[in-house]
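Chains as they are written, first to last, in our numbering: chain P, 537 to 958; chain V, 566 to 634.
It cannot be assumed that every hint is accurate.
Under 7 Å between C-beta atoms, here's a sample of chain P residues computed to sit facing chain V [claimed, not checked]:
#	residue
1	666
2	916
3	952
With a straight-line Cα cutoff of 25 Å, these simulated DSS-like cross-link-like pairs (lysine-lysine) come out [to be verified]:
#	chain 1	residue 1	chain 2	residue 2
4	P	617	V	598
5	V	598	P	924
6	P	617	V	594
7	P	691	P	766
8	V	588	P	617
9	P	617	P	766
10	V	602	P	617
11	V	584	V	598
12	V	602	P	924
Everything labelled a hint here was simulated from the structure, so no lab data went into it.
Cβ coordinates follow ideal geometry from the N, Cα and C atoms, glycine included.
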Amino acid sequence: MNSFARIYYNYRRIAKTIILFLIISGPGVIVMLADNDAGGITTYAATGAKYGYGLIWFLVLLLPVAYYVQEMTVRLGAVTKRGHAEAIFSAFGPFWGWFSLLDLALTDWLTLVTEFIGMTAALSIFHVPPIMTIIVVAVVMLLMVLQGRYWTWEKIALVFAALNLIYIPGAFIIHPSISNILHQGAIPHFPGGLNNDIFFFLMANIGTTIAPWMIFFQQSAVVDKGLQEKDIAWEKVDTFMGSVFTIMVATFIIVVTGTVLRGVQIESAAQAAIKLMGINKYLGTFLAVGLFDAGFLGAICISLASSWAIGEVFGWAHSLNYKIREAPWFYGAYLLAILTAGSVVLIPGAPLVLITLFVQVIAVTLLPAALVFLILLLNNEETMGKYKNTRWQNTITTMIVVVIIILSTLYAVSALFPSLFK
Amino acid sequence: MSKGMRVTLSQRIREFFLKRFRKIREINKRYEKSSIKMTPAVRISLLFLRIYLIFLVVVLVYKFVTLVR
Numbered sequence: 537m538n539s540f541a542r543i544y545y546n547y548r549r550i551a552k553t554i555i556l557f558l559i560i561s562g563p564g565v566i567v568m569l570a571d572n573d574a575g576g577i578t579t580y581a582a583t584g585a586k587y588g589y590g591l592i593w594f595l596v597l598l599l600p601v602a603y604y605v606q607e608m609t610v611r612l613g614a615v616t617k618r619g620h621a622e623a624i625f626s627a628f629g630p631f632w633g634w635f636s637l638l639d640l641a642l643t644d645w646l647t648l649v650t651e652f653i654g655m656t657a658a659l660s661i662f663h664v665p666p667i668m669t670i671i672v673v674a675v676v677m678l679l680m681v682l683q684g685r686y687w688t689w690e691k692i693a694l695v696f697a698a699l700n701l702i703y704i705p706g707a708f709i710i711h712p713s714i715s716n717i718l719h720q721g722a723i724p725h726f727p728g729g730l731n732n733d734i735f736f737f738l739m740a741n742i743g744t745t746i747a748p749w750m751i752f753f754q755q756s757a758v759v760d761k762g763l764q765e766k767d768i769a770w771e772k773v774d775t776f777m778g779s780v781f782t783i784m785v786a787t788f789i790i791v792v793t794g795t796v797l798r799g800v801q802i803e804s805a806a807q808a809a810i811k812l813m814g815i816n817k818y819l820g821t822f823l824a825v826g827l828f829d830a831g832f833l834g835a836i837c838i839s840l841a842s843s844w845a846i847g848e849v850f851g852w853a854h855s856l857n858y859k860i861r862e863a864p865w866f867y868g869a870y871l872l873a874i875l876t877a878g879s880v881v882l883i884p885g886a887p888l889v890l891i892t893l894f895v896q897v898i899a900v901t902l903l904p905a906a907l908v909f910l911i912l913l914l915n916n917e918e919t920m921g922k923y924k925n926t927r928w929q930n931t932i933t934t935m936i937v938v939v940i941i942i943l944s945t946l947y948a949v950s951a952l953f954p955s956l957f958k
Numbered sequence: 566m567s568k569g570m571r572v573t574l575s576q577r578i579r580e581f582f583l584k585r586f587r588k589i590r591e592i593n594k595r596y597e598k599s600s601i602k603m604t605p606a607v608r609i610s611l612l613f614l615r616i617y618l619i620f621l622v623v624v625l626v627y628k629f630v631t632l633v634r
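Put together the whole structure using the sequences plus the hints.
In structure tokens form, the structure reads like this:
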């Protein structure tokens, strides 16, 4: 028996579990890593540059927050076989249904614009013109859905999700002090005291961890993948692993900028990448590639979240398992979102900063409703049966939702009135 | 000829929008009745969401007015 065969024989159970996980994993890992989108990368880079490793503990606290919210969409999707938009229409009637759908479409479109801003900024570091970036991205995004199989789309998306982990080797290039990271980052404290500045950063980090499109995306993806009640346990593992990955990526970005850009004011992730290029060519390249990938992953998930939601409500064929001729409206909505959002970035003098600011405010109008509906739907015994929320789950998720609503509202208000918290 | 074409085009546009409105009316009818049981918790939650939305609209309008001034 050669050494490889012996290793496989000794660890065959672990190997089989990993292979099975790779086959089953999908919506959870994808949605969580897509959460680290272009805006998220900027937030983490700025957090590290301003507070060093000091807020790593706070990111770790966000892991259960992200997991518990997204886990509910898994149960809801697998049991009801409905997307979140359709579930809201059915349970709460047309007023809340249209409000959620229109708000989601607007929020997603604006967020899509910010993803294109991130992607064009990242590739402009390598002297790629924005128009080229947008054309290539639009073509790749179209090719990903054209093959007519959800499974294939998911595995391609997982490759891009894996590329999001590029920040992890990136952090090792600079040899950060592990003892410093643990000493400064593991113990909960507020560097410089709990003032308005740090409060703004805490709110921004929460805002990037839970977004309305994530709820709609994962529930629809669970339905499109055809997951059943029996798959819930695996999909929970998928979601948990996704939460671990997303917090790991965020932590490593903070480690990078906290080590080499401490004290530098970061306005965007692209600016951080350019500064890092001057310190270490490979590190800057890693951040720029990661930023592009983050924008791309965010774009494919966000545009699909809208198309699925609109398709569900209008009763159109809305599955990645359909060919274009079988679901023309679904793919039409997907393509329209990509082309219009990409075009906005190319308009000279377009108010891109205003759009980025507006996204935060508009997202807050939808997030509380989407989260409250999620909890109410998970407590509906008629549809959820034995998969409804337990008292323990209700306690945890209600606490999480209340905190998210308060902090995200304060974040939106502070974005509208910057002097209010100064 | 061109008048005929214009009539056809305007008719088509009208038909397109009528079809969409019909679809919206159909959706409204399909989901007319809320399927969730209206327990006190559900009622309170929906009331909170309405108040929250009104608050956000007031904040946005205030911001808009101060910007215009």
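To see whether the hints hold, each was checked on the structure:
no. : hint          : verdict
1   : 666           : 29 Å, violated
2   : 916           : 6 Å, holds
3   : 952           : 5 Å, holds
4   : 617/P / 598/V : 20 Å, holds
5   : 598/V / 924/P : 22 Å, holds
6   : 617/P / 594/V : 21 Å, holds
7   : 691/P / 766/P : 22 Å, holds
8   : 588/V / 617/P : 23 Å, holds
9   : 617/P / 766/P : 13 Å, holds
10  : 602/V / 617/P : 20 Å, holds
11  : 584/V / 598/V : 23 Å, holds
12  : 602/V / 924/P : 14 Å, holds
Going down the numbered hints, you'll see the structure goes against just number 1.
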